[in-house]
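Fit chains F, W and G to the given chain R structure using the hints.
There are 4 protein chains.
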Amino acid sequence: MSAERSAANPLWGGRFATGPAEVMAEINPSIDFDRRLYAEDIAGSKAHCAMLVAQGILDSEDGAAIAAGLDEIAAEITRGDFPFERALEDIHMNVEARLATLIGEAAGRLHTARSRNDQVATDVRLWLRAESERLDGQIEALQAALIDQAERHAATVMPGLTHLQPAQPVTFGHHLMAYVEMFGRDRGRLADARRRANECPLGAAALAGTAFPIDRERTARALGFDRPAANSMDAVSDRDFVIEFLGAASLIAMHLSRLAEELVLWASPGFAFVTLSDAFTTGSSIMPQKRNPDAAELIRGKTGRVYGALIAVLTMMKGLAMTFAKDMQEDKEPLFDAADTVSVGVRAMTGMIADLTVDAEALRAAAEAGYATATDLADWLVQHLGLPFRQAHHVVGRIVRLAEGKGVRLADLSLEAMREIEPRIDDGVYEVLAVERAVARRTSFGGTAPANVRAAVARARERFLR
Amino acid sequence: MSAERSAANPLWGGRFATGPAEVMAEINPSIDFDRRLYAEDIAGSKAHCAMLVAQGILDSEDGAAIAAGLDEIAAEITRGDFPFERALEDIHMNVEARLATLIGEAAGRLHTARSRNDQVATDVRLWLRAESERLDGQIEALQAALIDQAERHAATVMPGLTHLQPAQPVTFGHHLMAYVEMFGRDRGRLADARRRANECPLGAAALAGTAFPIDRERTARALGFDRPAANSMDAVSDRDFVIEFLGAASLIAMHLSRLAEELVLWASPGFAFVTLSDAFTTGSSIMPQKRNPDAAELIRGKTGRVYGALIAVLTMMKGLAMTFAKDMQEDKEPLFDAADTVSVGVRAMTGMIADLTVDAEALRAAAEAGYATATDLADWLVQHLGLPFRQAHHVVGRIVRLAEGKGVRLADLSLEAMREIEPRIDDGVYEVLAVERAVARRTSFGGTAPANVRAAVARARERFLR
Amino acid sequence: MSAERSAANPLWGGRFATGPAEVMAEINPSIDFDRRLYAEDIAGSKAHCAMLVAQGILDSEDGAAIAAGLDEIAAEITRGDFPFERALEDIHMNVEARLATLIGEAAGRLHTARSRNDQVATDVRLWLRAESERLDGQIEALQAALIDQAERHAATVMPGLTHLQPAQPVTFGHHLMAYVEMFGRDRGRLADARRRANECPLGAAALAGTAFPIDRERTARALGFDRPAANSMDAVSDRDFVIEFLGAASLIAMHLSRLAEELVLWASPGFAFVTLSDAFTTGSSIMPQKRNPDAAELIRGKTGRVYGALIAVLTMMKGLAMTFAKDMQEDKEPLFDAADTVSVGVRAMTGMIADLTVDAEALRAAAEAGYATATDLADWLVQHLGLPFRQAHHVVGRIVRLAEGKGVRLADLSLEAMREIEPRIDDGVYEVLAVERAVARRTSFGGTAPANVRAAVARARERFLR
Amino acid sequence: MSAERSAANPLWGGRFATGPAEVMAEINPSIDFDRRLYAEDIAGSKAHCAMLVAQGILDSEDGAAIAAGLDEIAAEITRGDFPFERALEDIHMNVEARLATLIGEAAGRLHTARSRNDQVATDVRLWLRAESERLDGQIEALQAALIDQAERHAATVMPGLTHLQPAQPVTFGHHLMAYVEMFGRDRGRLADARRRANECPLGAAALAGTAFPIDRERTARALGFDRPAANSMDAVSDRDFVIEFLGAASLIAMHLSRLAEELVLWASPGFAFVTLSDAFTTGSSIMPQKRNPDAAELIRGKTGRVYGALIAVLTMMKGLAMTFAKDMQEDKEPLFDAADTVSVGVRAMTGMIADLTVDAEALRAAAEAGYATATDLADWLVQHLGLPFRQAHHVVGRIVRLAEGKGVRLADLSLEAMREIEPRIDDGVYEVLAVERAVARRTSFGGTAPANVRAAVARARERFLR
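Residue numbers (the numbering used here), protein chains in the order written: chain R, 1 to 466; chain F, 1 to 466; chain W, 1 to 466; chain G, 1 to 466.
Isolated chain R, as found in the complex (with noise of 0.2 Å):
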C-alpha cells in the first residue's frame, strides 16, 4: 500500500524541486506527540506480520526478521536510546526507518498490504482501549472510596440543599452515593465506546482495501479487537471513537467539577463541613490555618480543557469530505490532553474522598438550622389528618412562621401553639420534627433513611466493584 499520508522527505522527496519550508517542519511532523503510541504501533506491526506470514504473503524468514527487529526496537524505545527524528515525521516511518537499518531490506517487505492510513487509525484505537480500561479502574477507585465514606457516614445527618438553600435533611452517606450513581454511568458510557471502537482498520489500506489475500479476521483477533471494521472508506477517515471517548470523558470531568465546588464550599469557613488532608491542600507561611483547596479547584478548573479538547475534534471533523485528510492528525494531543486530565482529576479526587474528615457536629447543626422538617410536618398533615397536600402546606407555613417569629426550632414549638393553628394536631407530630426522624422516616426506594443508604451501599459494591 502507498503512503497516502504525507512521507517523509527520504521517502518521496525525489522530485520535489525545493525541500519543505522551515516552517512546514514546525507544522506537519506529529512524532514529538505519536510517539506515544509505539507500543501499539509495534504491536499492529506484528500482528500485521504475522498474518503475512500466515496467508504466505511473506515468507517466515522475512516474518521472523521483521518480528525480531521491532522487538529490538521496542526495547531501544523502552530504554530510551531510540534515535527518534523529526525528519521522518511520525511513529510510523520512524520505526520503518529503523527496522530498514536492523534488518535491511526485509523490512521494505512489512509495509505491504497497509498504509499509514489504516496503521495509525489502528494504534489510536488500541491505545484507546488500554486507556480506557485503566481509566475504568481508576474511577471504580474513586467510587470504592465514596462507598466507603457513605457507609460511614450513613446515618450522618446533613441538610440537603437546593438552590444552595437547606431544603430537606439528608445524610452524607445518601449525598456520596450519587456520585456513585454518576460516576456509575460514567464507566457505563466508556464501556460502551470501548465496545463500538473495537473494531480493526489494519487492512483497510490507504482507502480501498487491498487485493493481497490478507486475513483481516486473522489480524483482527491478534491484537484482540471483536471484529475487522466493515468498510475500508470508513476505517480510514472514522474519529468518531476519539470523539466518543471525548465525550465521555466532558461528563466524567462535569461530574468530578459538581464534587470538587462542593468540596471547596464546604472546606470554606461558610461550611466548615469537612476537612481536607494536608495531602491534598496548600498552605500559606503566613496564615497557618489557611488549607487552600487546591488539588479540588485545579480538579472544576480542568474541566475547561476537556470541554475543549471535545470541541477541538469535533470543530475538526466538520464539514470534511472523505476520506483521510491531513486534519486528522489534529486528533492525538486533546485524546491524550484529555485522557490524562480526567485520570489525574479522578485519581486526586480518590485520594481526597478517601482522607476527608466530616465534621459531623457542624453538618447536623446545619441541617437543624432553618426549618428542614416543614416538609415532614405536611406530609404528617396529609397522612393523619386527611388535608389535601396543598393545604397542609398552607397550614405549615403559618407554623414556620410562627416558629420563625418566636425564634425556635419547629421541634421546640409547644402543641397548644401549633392547635391555635390546626386544632386537630396531636403530639404524634414530633415523631417527624426531629432532622434524625425526618431522615430515618425517607425509606422510599432511593431515599435518605440511613437503612436505605446502607442497603445502597451493599447494592452498590455488588454493582460496580470487582
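Note that the list lumps identical chains together, so a pair holds whenever it fits in one copy or between two copies.
Result set (SDA-like, lysine to any residue): computed pairs, CA atoms no more than 20 Å apart in a straight line: (1) K46 / A67; (2) K46 / E76; (3) K46 / A75; (4) K46 / D226.
Bear in mind the hints are in silico, worked out from the structure with no lab data behind them.
For chains F, W and G alone, kept in the frame of chain R given last:
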C-alpha cells in the same frame, strides 16, 4: 412533597412584600418551551396517581377524578384551547392549577409524595426516549436510502480521494456504504443513551425520597422505565441523559456535515459528479442553470447549533453544587433545538440521497485522470516480481513520471517503455492498470470490489433495516 | 443584481420540474426569525432607493412610490397586520412581494444594483449596532447600581477570599467595584466591535459589485455607517461582526455568572451576607424562610447558551469557501438568542444589585474569624523591625499558631505572648491587627482602603456614567 | 505580601502532618509550562525592586544585589543551565529560591508588597503583549503576500462563487483582497485587546492592595503599561485579556481555515486552479503527480484547537467566585497553545500564498463555463431598455435557457435569437457578455474591476503595511 423549585406567585407569594420584578417575568417562566412536555407531564401524573391509589395513599374516588381531569386537560391542550398562563411559570403548575379548576379539592392530593424536581426529570426522560426512537427510525430511513443508492452504484467507479486528491479508484457504492457505517454507530449511541436514561426519577420527591409508602417500581413500570433511579439526590440533579443525547446528536450532525460537504462539492461544476433534485435545491430567476444546494448547506451550517447546544448544557452543569438548582431549567431549549435540528437534517438528507442523480461517466473520467492505479502497479511488482514494497514504490514512481512526461495514462504505456525501467515486467501488468480492474481486485474484507459492496449491502440490510 | 441566494418559488421555480420537498419547507425559510429585522430591512431599502434616485438610476416618481410603499409596509408590520408568508422565505422577499402588491411594477426597480447577499449583511449590521447601543446602556445602568452600593458600603468590612478561604479583609464596596471594572471592559469591547462592524455592505451586490453608477458613500452615510465596506466579496461573506459580538457577549455572561455565583453563595445560610429582594427570588409555600435565588441561578445557567451561540457561529464559519453560502443563514438565531440572553441577564442583575440588603454585621464577623490580618502583622515586622519578608512570614506563622492554640483573635493576644516569639514587637503592633485598621491602611492605588473606594467611586462615575 | 496561592512545601509545609500525595505532585505544579514566562517574571521583579528602592522601602544595596542576582538567573535560564525544580511548583518560586541561593537574605526582601497573585497576572500580560505584537507582524507579512499576489492577478478572471456555484466573474486579485480585509480586522482586534490588557496588576498584592508606600504608576511605566489596574481585586482575578486574545485568535483561525479550504479545493483536480509549491506539500513515493496540501489541511484542522482553547478558558472562568482561585492556573496552557497555533498557521499560510502558482487559463475557462454574465445581461436590459429588474430577470432566464439548449455561451448567441425573446435588444449587448468586460464594468466602490483591484492594492499597502 414541597415545591422545592420556585412556585408560582399564587402559591408562595403571600409573605413576599413585593411581587416579582418585571424583568423576572421575562427571565423566570419556562412555560413557553416546557409546554412541549405536556403529554409526558400528564402521563407521569396519571401513573403517579394510579400508584398512590394502589398503595392506599389516595382513595380511588379521588384517583378517578384526577385521572379524568388529566385526560380532559390533555384533550384541551391537543385541541389548542388550554388557557396557558405565564404567571403559572411552567407546565407542571399550569396543569395542576387547571386540574383544581376542573375537579376541585382532590387536585391538591396529586402532588403527594412528589415534587416538581422529580416530575420535570421524569417528563424530560420520557420525551427524550420517544424522540430518540423517532430519530432512530429517521436515521434508519437515511441508511435505507444510502444502501439503495449503494446497491445501484456498487460498480460505479469514482476516484477515491485522500487530501481531496485522487488516490485509488473506488466505487460510488462503497463510498456511500461508509456513511451507512457512520449512521449505524450513531444509532448505537442513541440506543445506549436511551438505555442508560431509562430510569424513573419519580418518587425521589424534592431530593430526599419520601416517607409515604410509595411503590416506585410500579410507577417506573407503568411509564415503561426499566427501573427506578437508585439515589433520590442523583435523580433530581442529574442531566447526564440530556448531555449524552447532545453528544450523540453532535456526532450525527458531524456525519451529516461531511456528507453535505461532499454533496456541495460533487454538485459544483469543479466536480459535476451528481445532480441534486429540484426538491432540495433553490434556483435563481436569472441563472437557470444554477441549482444552489441550499439544503446541503443548511445541514452543514446547522452542525454549529448542535455543537453549541452540547456546550451550552456542559457549561451549565459545570461546577454546580447538588441538588437541583434553577440553572437546570436551561437544559430544555438546547435539547429541543438540537433534537429538531438533527431530525430535520436527517430527513432532508434522506430526500437528497434518494433523489440523487449520479453522472457515472463523469465519475469514471475523474477516476481515470490522475494515476490512481499506481498503487496497483506497485502491488503487482511485489506480488509477481517479489520486490519489497518500498522498492516497488520507487520503480512505480519512475514509471508514472514517464507517463506524465508522455501525457498518457498508465494503461497506455507500452510494455517496452515500462521495461526500460524494470525489465522483468510482462504484459500481465495490464491486468491491474484499468480502473475497473483495480477496483475489482480489492476483495479484501471491507474493500471496494463491487462484489464486496454488494455483500456489504446485503449485510447492512440485515444489520440495520427492520 | 441577481437573487444569488435561494429565491422563492414564484421567482425562480419555473423550470424546476418538482416543487420543494416538504422537509425543505421546514429547513429552508428564515422568515420565522429574520422578520425581526424588518425595520432595518426597510431602512436599508429606503436609503438604497434614495441613492438610486440621486444617481439618476431610478426616476424620482418611482423613488417616491417605493418610499411611500415601504413606509406603508413598516406601518403594517408595526400594527401587526402584515401578511407574512413562509413561501416567500425571508423578510426581504416578503417586503418586496408586498411592495409589488402595493405599488405595482415600480417595486421591481428597487432591487437594481443590489442582491439579498448585501442586503441581509446590511440588515444584521444595522440591527446589531442598535442592539449594542441598547446593551451598552443596560450595562451602564448595572454599573450605576454597583457604584451606588459600593459607595454605600465603601467602609463595610468583609473577608477577602482567595480559594474561597479568608485571606485579608476588604470592603464590600471594593469588592463590588471590581465588577464595575469588568463591566467597563465589556462596554469597551462592545464599542470596539461596533466601530469595526460599522461599514456598509450595500452595493457589494451579489458578490462582485455592480456596473450601475451607484454612490456607496451616500448609502453608507444615510444609514449611519462610517464608510462602505472596501471589498465586495468580503462584504457578503463576512460574519466577523456576529462572532465578535458573541465573543463580547460571552465575557459579559461570564462576568454575570461570577457575580451570580457570589450572590447565590452570599444568600445561602453558610454565608448569610446578603438578602435578595422578594422581586428576584422565589419562595416555597411551605418553607417561608426560603428565598430561592432563582434569578441569580438563571443568569449563571444562561452562560452556557451564550458560549453555545459563540461556538455555533464559529463552527458554522469554519472552513467555508467564499463567498456567500446558505450556511450563513444560521448566524441569526444564535445572535438574537445571545443578545436577548445577556440583555435580560444584565437587567435582572441590575435589579438584584439595586435591591440588595447587606448584613454588615455578618460580614464583619466573618472578616474577624480566621486570621485575616496575619499579613498585616508580617508587613509590620518588615516595616518596623526590618525583617526580610520571608522571615517575617515565619514569625507570624508562630504567632498565629499561638492564637489558634488559645482560641483567640490576633488582636486579643497580649504583648508578652507575642514577645516570646519576637522580643522586639511593641504595642504599635495593635494598630494593624484590627480588621478596620487593616483595611484602612491599604491605601496603595487600587487598594481596599475606604478612602480609596470612595475615590474609585467618584472616578468610576466620571469614567463610566453619562 | 503573603503567598496567597499555594506555596511550595519548604515554605508552608511545616505544620502539615503529611506531605503532598503523589498525585498532587502530578496535578499541582505549573513549572513545566510557566517557565516560558521567565523573562517576563524577571523583568517584573526588576521593575518592582527598582520601585521599592525609589520609594525607600528597600535600601539601594539590597536593590542592587537583587537586580544583579535576577540578571544572573536570566542568563542561567537563557544558557539552559538553570536548575528548575518541580517541588518549587512555579516559575516565581523557582526564581525566588534561586535568588536566595545566589544573594542570600536580601532575596527575601523582594517579595515585599506583592504576592504571586499580582505577579503571575503581570507576567502573563507582559508575555501576551509581546506575543500579540509578534503575531501582528506575522499577519502583516501574510497581508503583504496576499497583496502582492492580488496585484499580480488584478485582472486574472475567475468564477466568483456563491454556494460553490459560479455566480459572476471576478478577478483572482479581488478574491485575495477579501482576505486582506479579514486579516486587517484581525489585527484591529489584536490591537484593541492589547490596549485593553495593557494595565499593570503589580501592587494589587494578594488581593487587597498594600500598606507599603508603593508607587504603582512607576512600576507600570517601567514595564511599558499604560496605567496600573484600578481595582486590586479585579487585578488578581481577571483573565479577560486571555479570553479576548483567544477570541481574536479564533477569528484568525477561522479566516485561515477558509483560505486553507479554498487552497485545498483549488489544488484538487476538480478545480486545478493553483499549484502549491513543493515547500508546503507532501508527496507520495508512488504517485509522483500527487501533491498533498498537508500544510493547508493542518491549518484548517488546527482551527479546532484554537476554538477549544477559547472554550477551555471560558468554561474555567464560568461561575468562579472572586478573587484568585487555583482554577486560574489553567489559563496558560490553552493560551500558549493557541498563540503558537495561530502563529504557525499564519506563517505557513504566508509561505503558501507567496509560493502559489496560479493557472490563469484554467481560471478563465472556469469563469466562461456556466453563464456567469447572465446578471450583466439583466443589468443591460435595465439600463438600456428601462425594464424593471425583476422583469429583466425573467427575460434573461429565457435567453439562458435558449443558450443552454443550443449548448453555447451567451456571447455566442446571435442577435436574432435574442430578439425573439426581447425584440429591443441591440448589438450593444455583446459589450457585457464577455467575462473580461463583465469584470471591467464592475467599477462601483469595492467592486471587482481590475482598476478597482489595483486601487484597493495601493490603499491596502497604505492602510496595512508599515
